[in-house]
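Number of protein chains: 4
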Amino acid sequence: MNFGSDNVAGIAPEILAAIAAANVGTAPSYGDDAITRRLAAAVAALFEHEVSVFPVATGTAANALALATLTPVWGAIYCHEASHVQTDECGAPEFFAGGAKLVALPGADAKLTPAAIEAALTERGVVHHIQPAAISISQTTEAGTLYRPAEIVALGALARRHGLALHMDGARFANAVAALGCSPAELTWRAGVDVLSLGATKNGALAAEAVVFFDAAKAEGFAYRRKRGGHLVSKMRFLSAQLEAYFADGLWLRHAAHANRMAALLAAGLAALPGARLRHPAEANEVFVELPERTIVALGAAGFGFYRWGGAGSACLRLVTAFDTRQSDVEAFIATARDA
Amino acid sequence: MNFGSDNVAGIAPEILAAIAAANVGTAPSYGDDAITRRLAAAVAALFEHEVSVFPVATGTAANALALATLTPVWGAIYCHEASHVQTDECGAPEFFAGGAKLVALPGADAKLTPAAIEAALTERGVVHHIQPAAISISQTTEAGTLYRPAEIVALGALARRHGLALHMDGARFANAVAALGCSPAELTWRAGVDVLSLGATKNGALAAEAVVFFDAAKAEGFAYRRKRGGHLVSKMRFLSAQLEAYFADGLWLRHAAHANRMAALLAAGLAALPGARLRHPAEANEVFVELPERTIVALGAAGFGFYRWGGAGSACLRLVTAFDTRQSDVEAFIATARDA
Amino acid sequence: MNFGSDNVAGIAPEILAAIAAANVGTAPSYGDDAITRRLAAAVAALFEHEVSVFPVATGTAANALALATLTPVWGAIYCHEASHVQTDECGAPEFFAGGAKLVALPGADAKLTPAAIEAALTERGVVHHIQPAAISISQTTEAGTLYRPAEIVALGALARRHGLALHMDGARFANAVAALGCSPAELTWRAGVDVLSLGATKNGALAAEAVVFFDAAKAEGFAYRRKRGGHLVSKMRFLSAQLEAYFADGLWLRHAAHANRMAALLAAGLAALPGARLRHPAEANEVFVELPERTIVALGAAGFGFYRWGGAGSACLRLVTAFDTRQSDVEAFIATARDA
Amino acid sequence: MNFGSDNVAGIAPEILAAIAAANVGTAPSYGDDAITRRLAAAVAALFEHEVSVFPVATGTAANALALATLTPVWGAIYCHEASHVQTDECGAPEFFAGGAKLVALPGADAKLTPAAIEAALTERGVVHHIQPAAISISQTTEAGTLYRPAEIVALGALARRHGLALHMDGARFANAVAALGCSPAELTWRAGVDVLSLGATKNGALAAEAVVFFDAAKAEGFAYRRKRGGHLVSKMRFLSAQLEAYFADGLWLRHAAHANRMAALLAAGLAALPGARLRHPAEANEVFVELPERTIVALGAAGFGFYRWGGAGSACLRLVTAFDTRQSDVEAFIATARDA
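Chains as they are written, first to last, in the working numbering: chain A, 260 to 599; chain B, 260 to 599; chain C, 260 to 599; chain D, 260 to 599.
Among the hints, erroneous ones may be present.
Because identical chains share one entry, a pair is satisfied inside a single copy or across any pair of copies.
[As the list claims (entries may be wrong)] Below, simulated SDA-like cross-link-like pairs (lysine to any residue); rule was C-alpha separation at most 25 Å, straight line: (1) K477 <-> V362; (2) K477 <-> R383; (3) K477 <-> H421; (4) K477 <-> A531.
No wet-lab data here; the hints were simulated from the structure. These figures come from a predicted structure and were not determined experimentally.
Throw the hints in and build the complete structure from the sequences for me.
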C-alpha cells in the first residue's frame, strides 16, 4: 500500500460515473455549458454566499492563478516557509504573478501567525520595497494540522487592517471541514478569506480544482489569466461534472472523513510504539512520524510507500491517507512497524 | 447539431473505457507510473524515432510550453497571422516565453511560406532587434488546410539554415495524417520538425495533449516549465491512459478519417448550392463557407451551431466535424441550407 | 561628419553646465531633491496642465515603462509596424508589460490611422483574445514625418471610444513641436494623449527622458515599475538638472529647430540631384533618401556616417541631423553626393 | 551634513571633468565608441584577467541583469536576508529573472556562510522544487562589513561543488578593496566570483556601474537583456568616460579610502560615548550605531541626515560616509552626540 500521498489514489467511483454521465452529445466548450452553470450555483449554496467559480485541472494552477490575481507584480505574498506554494510548485506563483515575491515565514505546525506577518510587513509607499499584497495560508496545512476558525479570523482581521487579500490553499479543504465540523462558510469568507483554492483531486477527482472568489470584484482578470496560462480546459463540462459530483450529497465530506479516520488510526497506532514520535498532531489525513531507521527499512521492504520528510535519510515519515485507504492496510502498516 | 468546434464533442468510448481501466489501486503520481512509461514507448514506435513525451491537459499549454522551450526571452517566433497561437490563446506563448515576440506573417490558406519568413528575419547579433528563434506552423491549419510534406521540408530546411527551431501545432494532427496518408514521421522529424504539440482532445479525449520532442536535448527545461506552469497533472496515469488508448489500434486515425469524411460531405454539399462559396479547400475536418445571410439565419433557426468566422455579421461560417459527427446531421445541415 | 543618428551627438553646453551647477554639496537621492521638484513644476507649466513626471535615462525605458502601466498583461497595444517600440527595443515593451502583445499595423509614412486600428480591434470580453488596451504613436515618427494635431485628435477620439489609453513616443517630440509650431499641450493632452515619453537625449542631453502622465491616476504603479526595472537613478538631481536646462528659455525648441533646418537643407539639396528620391517628406530632423549606389559608396568613402535603411545593400539612406550639426557639413554632404 | 547614504554625494570633480572631456564631436552610439573600448581594456588590466564589461546606469540594473543571466527562470538564487537584492530593489531580480526565486538566508553581520547555503539547497532534478542556480553576496555588505578572501574562496568552492554561479554585488566594492588591501582579482575571480556588479555611483560617479563577467561564456545573452531592459544607454561614451576616470590613477581607491577613514573616525568617536553601541564592526564606509533616543533627536535637530535602521523609532542609526565627507562634519556629528 502506498501512503506516499493522497494523489496516488484513483478516481472515486461516483466521480467517474459523473464523467460518464456527462458524456452525452455535444456541449458548448470552455465553460459555457449547463453543468458548469449548475456547479456555480451548487458552490454558492455550499458556501452560503455569492461566488465566482473557476474550475482548473491542478492545484498549482489554482494557487498560482489566484495569487497572481491578488497582487501587483511588485507585491509581497506572505506564506509559511513550509507551504506548498513556497516549496513544491517550482516557483509557479512567482511566474504567474510576474515576479512578485513570496515572503516565507516561520510558525509552529506549518501555521502562519499574525505576529509573524506583522514583523515582516514592509513600509507602504516606499518604492524600494515590495509592497504588502496578500497572505496565503493552507487549510489543511502541509504539516497535516488545522487552523481553528478563530485563527483564521485573526489573520483575516490583520489582512483587512493592512489592506491585504487573504488566500487559502484548500488542496485538502475537505479534510479540514470534515475534521473541524465547521461549515465551509465559517472557515472562509466569514473569517475573512477572499479566495479559496478548493481541491478535489486529492480526495477522489481525476483532476479538478475550483478557484472560488467570494467577491466578484476581486476576480477581475482571472478569466484572462486562466486562458493565458493554458488552464481553460476546452471540454469544461468534464471538469465541472467531477466537481458537481464531489459536492453532491456530501460525498466530499464522507470521503474526507474516512481519510481522516484512517490517519487517526495510523497516528494512534504508531505513537504507541517505542521509539516513535509524532512530529505534528495528526489532525486531518496526514501523519508525520519519526521512527527508528530499522523500522523504516522494514516498512519499505514490506512494500509500503511513504516519503521520508526532508529528503533521503530523514527519520521522519510523511504518511497520507485517502478516500480509498483500507483499514486493513493501516493495520498492516502498524503491525509491520511494531514487529520491526 | 453543433458544428461550432470539434471540442464540443464528448469523449470517445474507447478513451473513457481506458480511464476506467486505469482506475485500479494506487499509482505513483506526476508521471512515474507504468501507463506513462508505456505511452512514451508507444509514441516512439508510432514516430519511428526516439522521443521525449510530456502529456498536458490543454492545447494552449502544449503550444506555449513548447515555444517557451525553443526561444530565449528576446527571441522571435514566426507564425501565421491566423494561427491559434497568435489569435486564440490570449497571449499564452508570450507569457510562457517571458515576453518573446510572435511575428505574425501572411500566407494563403493560413500556411506559412519560406519567403514570408525570410522577409521577416531580423539581423542576428544586433541587440536592438529580437533574435530569430523559432517557426511555428499548424498542421492541420486554422483554415482547415494541410501542408504537404514538401512544404514542411522546405520550412525545415529554412529553419536549419537560419538556426531556427521548428514547432508544429498539431491540435488536429490526426486529421492531417489521416487525410494525407503520410506516416507521422514523414510529417514531422523527417521534414525537420523539432517539437510537435500532438492533440487528442479535439479528436475524442477528455483533456489530453502530448508535447513530443524529437531531440531530447531540445526538451531541456521543459519539465520544470511544465511544473511551474501548473501543467504537471498529479494523477498523470489518467492523462496517459487517454493518450495510450488514442494511439492504440489506430483509433486516432479512424476517428480523424471519419471527421474528415463528414467535412468532405459537408463541403461538397454546400459548395453545390447557389450563392455558396468555399473560402478554403476543405482538406481535413473544417469547412469555411460563405453563404447568403438568409441561409445563415435559417440554419441558426433550425438549431445548428456554428461560428461566423471573423465575428458577428460575417457571411463566412466555420463548420467543424468530429469523431462523433453523424452523417444524418451533415445531410440535414445541407438540406436546411438548400431549402433556405 | 556622422549623420547616422542624433544620438551620436554630444551634450549641449547648456545642459552640461546645468549638471555642473547641480554638483554642489549633498542632496536627497531618488528624486526627493529640489531640482526634481522644480522640474515637475516646469513641465506642468510647459504643458499647461497638471502632470506626473518621472525622469529616466533611456527612451526604451520611458516607452516600456509607460506602456506597461497602460495595459494588463493580457492587453493589446496597437502600434505602427515601423515604430521604435516594435522594431528597435528588443522586445522591451513585451518584457515590461509581462508579455502583453504589440499589434503592428501598416500606415503611410509610419503613421497609424484610426481605420487600421479599428480593423485590428479584438472583441472585448472574449477570453481567447488579448484585450484592446492602448495605442502607441511616435511624434516625430520613425519616418521623420509628423502627425498633425487633427490626426492625433482623431486617434484620441478613437481611443476614448474604445476605452484605450493613448501613448506618444516623443523621443523627438521637440522636433515635432518646433516644426509644427503648436504648443506642447495641443499635441498631447488636448488631443487625447494620456502619456508622453518626452525625450531629451537625442536633442542635447547626456541621458535624460521624462515620462509625463497627464492624469495622475493613470500613473498608478509607475514608481514601483521604475524602481523594479532598475530605472530609478539614485543621484536623480543630475537627470532632473538636464531636463530643467533643456526646457529653460526655450533651449529644447531652439536646438530642435536648428536640427530641423539642417534636415530641410539636406533634403532640398539631395532631392534636386538626378537619381535621388525622398522616400518620405522630411518634416523634422530626418531625411530618408534613395540614392544611386555609386553615390552612396562615394559618401562613405568621403567619411560621412549614415544608415542604409533596411540593412546592408539598401539604396535608401537615413540621415539624421542634431542640435550640433553644422551647415558646412550638410553642404559638404550634398556636394559630395552631387559630384559622385 | 547628510550621512543618510553615499548616494546623496555629488560627482567627483575628476569624473565630471572626464564627462566634459568626452564631449567632443560625434561618437558612435550604444558602446561602439573609443572610450568604451578603452574601458574594457582598463578593467581587464585592473583585474588581471579577461573580462566582458557592460556599463549601466544603476546598481539595481547591474544586479538584476547579472542575476537574470545566471539563472533559469526556475532557479534559486541564495542571498543574505539583509542583502540589497532581497530588500531594496522592489523585486527587480525576480522581474528580470522571469520569476526566479531569491532564497533569503541568515548570517551574522550580513554575511552568507557555506553552511547556510548547504542547508537551503533543494534537490536537483526534482521538478517540484526550484533548482539551485546562483549565490549572490555583497562586498561591502549591507552591514558595512567585509568578506575576507578566505570567506569568498569558501563560497566559491561551494558554488563550484554544486554547479552554482557566484555573483558579487559590488556597489561598494571600492571600499572593500581599499579596506582589505587586496587586489581586485583576489576578491573576485581568484576566489571564484563569476560576475561582479562593480559600482561607481556611490563613490563619485554621476550614474555608472559596470557589470564585469570573468568568463565571456557566462555573459551569453547579457547584451540582449540589457537592451530589452532599457539599460543600453545611447550616448554610452559618457558612462564609459565616468568609469574610465574612476579607475584611472587609483582615483576609485583614494576616494574609497577617504570614505573608510571618515567612517572609522565616526565609529571610534561614537563608540566611546556612554549609551552607544556599534551593531556591526565598521569595516568600510558605513557605521551602524545604537544611540539613546534623546541623542538621535538632538542630531536630527542639529540638521544631520541619517537613517533610522529598521524604520521609524529604531534606536539604530545607519551613517554612511563618502568621497566628499569632511572630517569637520564627522567631528561635529560626534560632538553633537556627545553633548546630547
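Practice item. Indicate which option fits the pair K477, R383 if close means a Cα-Cα distance not exceeding 25 Å: within, between, both or neither. Key: both (21 Å within a copy, 19 Å between copies)
- Message: With identical chains, the pair K477 and H421 could be close in the same copy or across copies; at 25 Å between alpha carbons, which is it: within, between, both, or neither?
- Response: Cα proximity of K477 and H421: in one copy and across copies (16 Å, 24 Å).
Item to complete: Measure nothing new, just compare the shortest in-copy and cross-copy C-alpha distances for K477 and A531 to 25 Å and report within, between, both or neither.
Response: Close neither inside one copy (48 Å) nor across copies (53 Å); limit 25 Å.
- For the identical chains here, do K477 and V362 meet the 25 Å Cα criterion within one copy, between copies, both, or neither? Result: close within a single copy only, 22 Å intra versus 29 Å inter.
The structure shown violates just one earlier hint, number 4.
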